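Q: Taken in order, these protein sequences are the chains called H and F.
Under the working numbering, the first residue of the first sequence carries the number 1, and numbering increases by one thereafter.
Under the working numbering, the first residue of the second sequence carries the number 1, and numbering increases by one thereafter.
No lab work stands behind these hints: they were computed from the structure.
A hint or two may mislead.
Beta-carbon label-pair distances, calculated as ranges [unchecked claim]:
(1) H:N15 with F:G109: 43 to 49 Å
(2) F:G109 with H:I111: 56 to 62 Å
(3) H:Q222 with F:Q71: 51 to 57 Å
(4) H:A209 with F:R117: 44 to 50 Å
(5) F:H123 with H:A101: 30 to 36 Å
(6) H:F241 with F:Q71: 20 to 26 Å
(7) H:V202 with F:F14: 34 to 40 Å
(8) H:A101 with F:G109: 42 to 48 Å
(9) H:G30 with F:K130: 47 to 53 Å
(10) F:E67 with H:I184: 38 to 44 Å
Model, not experiment: these values are computed from the prediction.
Glycine included, every Cβ here is placed at the ideal spot set by N, Cα and C.
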Amino acid sequence: MRAVFKREFKSYFTNPLGFVILAVFYFFLGLAFKDYYSNGIPYVGQVIFFLSDIGILFFIIPVITMRLFSDERRTKTDQVLFTAPVKLIKIVLGKFFAAFALYAMAFIPTIIFQIIVSSQENIDIPLFYYLYALIGILLFGAALIAVGMFVSALTESPISAIIFTLITNLVIMFSSSFASFITIPNTTSGVLEKIYYGFLQVLVKLLNALNFNGVLSSFGQQTLALQDVVYFVSIIVAFIFLTERALEKRRWS
Amino acid sequence: MIEVTGLSKRYGSFLAVENVNFSIQKGEIVGFLGPNGAGKSTIMNILTGYLSLTQGKVTIDGFDVAENPEQAKRRIGYLPELPPLYLDMKVREYLNFVYDLKKVKFPKGPHIDEIMRLVRIDHVQNRLIKNLSKGYRQRVGFAQALIGNPDVLILDEPTVGLDPQQIIEIRNLISRLGKNHTIILSSHILSEIQAVCDRIIIINYGEIIADDLQENLSKQLSTDHSIVARVICDERDMLAALKAVKGVQNVVSLGKKEMGAYDFEIIPEEGADVRAGISNRIAERKKTLLSLTSSRLTLEQIFLKLTQAPNNEAARKMLRLDEADVKETPISSTPDIVIEIPQENDEKEDN
């Protein structure tokens with residue numbers, strides 16, 4: 001697992017990709033911090049949530065995950081991974097953590113922001129505001145990375161991986177809006193209608209369940225709710241497992 | 001070392017490998033020979049655990065690849081058709097990665113140094129793989145397979161795309177490694193298999209159609225051990241003289257080949273060695289013998305014969321027949337090939 005992690009993480013920086021991703025993050029974080037700070041709202045937690053508010057994570061994370069497995073498959077380098085005496089799940093975990101490490105690096109500047117804010121005597125904001133927001137955004141990103149990795153394991157080129165991940169992410173992004181478009185009348189007559197409305201109800205529930213943003217925003221409520229952590233962690237675990245299954249299935253087809 | 005029983009692999013409805021059985025002893029160098037798409041790579045991918053098998057059982061040194069993949073994989077070094085190289089890594093960095101990935105126990109630095117020396121890439125160890133030529137990339141791929149010093153080496157077309165100089169180098173390397181490794185090598189190039197392998201497994205349409213030592217294979221398949229003699233002489237006199245040699249069944253003149261020299265195809269009686277008799281007879285007549293060649297099939301001809309046979313069933317039947325039967329059943333079922341074989345003989349002798 002460590003070998004895969006090391007190689008994968010390094011590979012982000014042997015080409016400009018890793019630097020570009022970090023630059024984009026740093027640009028928006030810096031912009032938000034400057035804006036909030038000069039307007040007298042020195043909440044670093046707010047700065048972090050700015051990234052999710054403008055929806056940029058949905059577009060950047062596919063760039064992080066697109067190459068994970070699709071590129072290996074295209075260049076056939078997966079042959080060295082899958083014929084090595086290593087369990088498949090360890091390879092998947094190595095890749096997941098490499099992508100996550102790059103993502104986590106994006107939030108290093110917020111530590112500096114927090115130090116700046118904390119050093120101001122006239123501002124008194126508890127540290128856990130920042131920490132909750134940080135945990136929230138890291139879990140949120142990890143969940144999107146797990147989804148992106150799964151898509152990457154299903155595709156054969158980074159381009160198709162990024163396109164399909166973007167589509168998936170758009171569904172996740174607008175899931176609550178989609179859900180609110182669907183109206184279900186209370187009164188039903190015929191059997192067919194009942195079935196149809198039943199289906200719609202399930203769909204609305206499903207879309208609401210996909211509302212990553214909604215769950216994330218609760219991390220900004222100055223409390224850390226266990227159910228929100230469990231929500232993201234279970235998505236992460238599920239998609240890591242699905243990735244492993246998808247790779248295993250490829251051996252069989 | 002390697003036991004394969006009843007191996008089948010199905011891609012959807014396409015049966016890529018069907019009921020393949022073979023067993024390879026420690027220290028053997030075995031060649032997989034077959035046209036492109038015959039299933040060579042598929043079998044290799046299954047042996048190395050890259051693909052699963054649909055049916056059957058594969059064990060490496062007693063470890064089942066399906067039930068105990070890690071132990072089995074630990075014993076195999078695999079060089080796929082396209083070396084699995086990360087182009088954005090340096091040679092040494094890549095080998096370090098493979099070392100870590102395979103969880104090798106040998107001391108890291110010396111082990112990698114030794115392998116790099118063996119495949120002669122130590123002078124490019126700090127270059128990006130991206131910038132290496134095809135030959136060097138192949139050698140890095142080779143080095144990757146050797147890391148951890150596995151007992152079994154599986155090499156999928158190791159010399160494809162290399163120049164003749166590099167091919168010879170890789171071949172020598174394989175021969176050297178063959179002294180203390182079990183090697184499976186695949187190729188559709190016959191001379192390559194002929195040069196390095198003791199034993200040959202011919203595969204076509206996912207089935208094994210021949211599996212034997214190289215020389216047995218040639219012997220088994222030659223329909224008759226006829227001899228071709230090229231003599232400077234008078235055609236008709238010599239024909240009669242040769243027919244009178246003890247043990248000769250029949251002599252056919254193949255016509256004039258060089259200035260004043262004729263070719264005679266001599267078919268001996270079963271089991272008779274007539275070479276000495278023929279040479280003496282020609283000497284008695286004070287004629288000059290230019291060449292005396294056995295027209296035993298070359299590997300190339302066997303290969304064509306087997307893989308072009310109307311179907312594998314016919315090919316397998318041909319193989320199971322013993323030599324006596326073969327004589328009685330001229331390969332009339334495959335007329336196009338019968339024509340081809342003498343043609344190739346002619347070409348050879350013209351050279």
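Q: All the hints need checking, so say for each whether the structure fits it.
A: Hints, one by one, checked against the model:
1. H:N15 with F:G109: 43 to 49 Å: 28 Å Cβ-Cβ, so the 43 to 49 Å window is violated.
2. F:G109 with H:I111: 56 to 62 Å: For I111 (chain H) against G109 (chain F), whose Cβ atoms are near 37 Å apart, the range 56 to 62 Å is violated.
3. H:Q222 with F:Q71: 51 to 57 Å: With Cβ atoms ~53 Å apart, the hint holds.
4. H:A209 with F:R117: 44 to 50 Å: 59 Å, violated
5. F:H123 with H:A101: 30 to 36 Å: Holds, at about 34 Å.
6. H:F241 with F:Q71: 20 to 26 Å: The hinted range 20 to 26 Å holds for F241 (chain H) and Q71 (chain F), with Cβ atoms some 25 Å apart.
7. H:V202 with F:F14: 34 to 40 Å: 39 Å, holds
8. H:A101 with F:G109: 42 to 48 Å: 27 Å, violated
9. H:G30 with F:K130: 47 to 53 Å: 34 Å, violated
10. F:E67 with H:I184: 38 to 44 Å: Since E67 (chain F) and I184 (chain H) have Cβ atoms about 52 Å apart, the given range 38 to 44 Å is violated.
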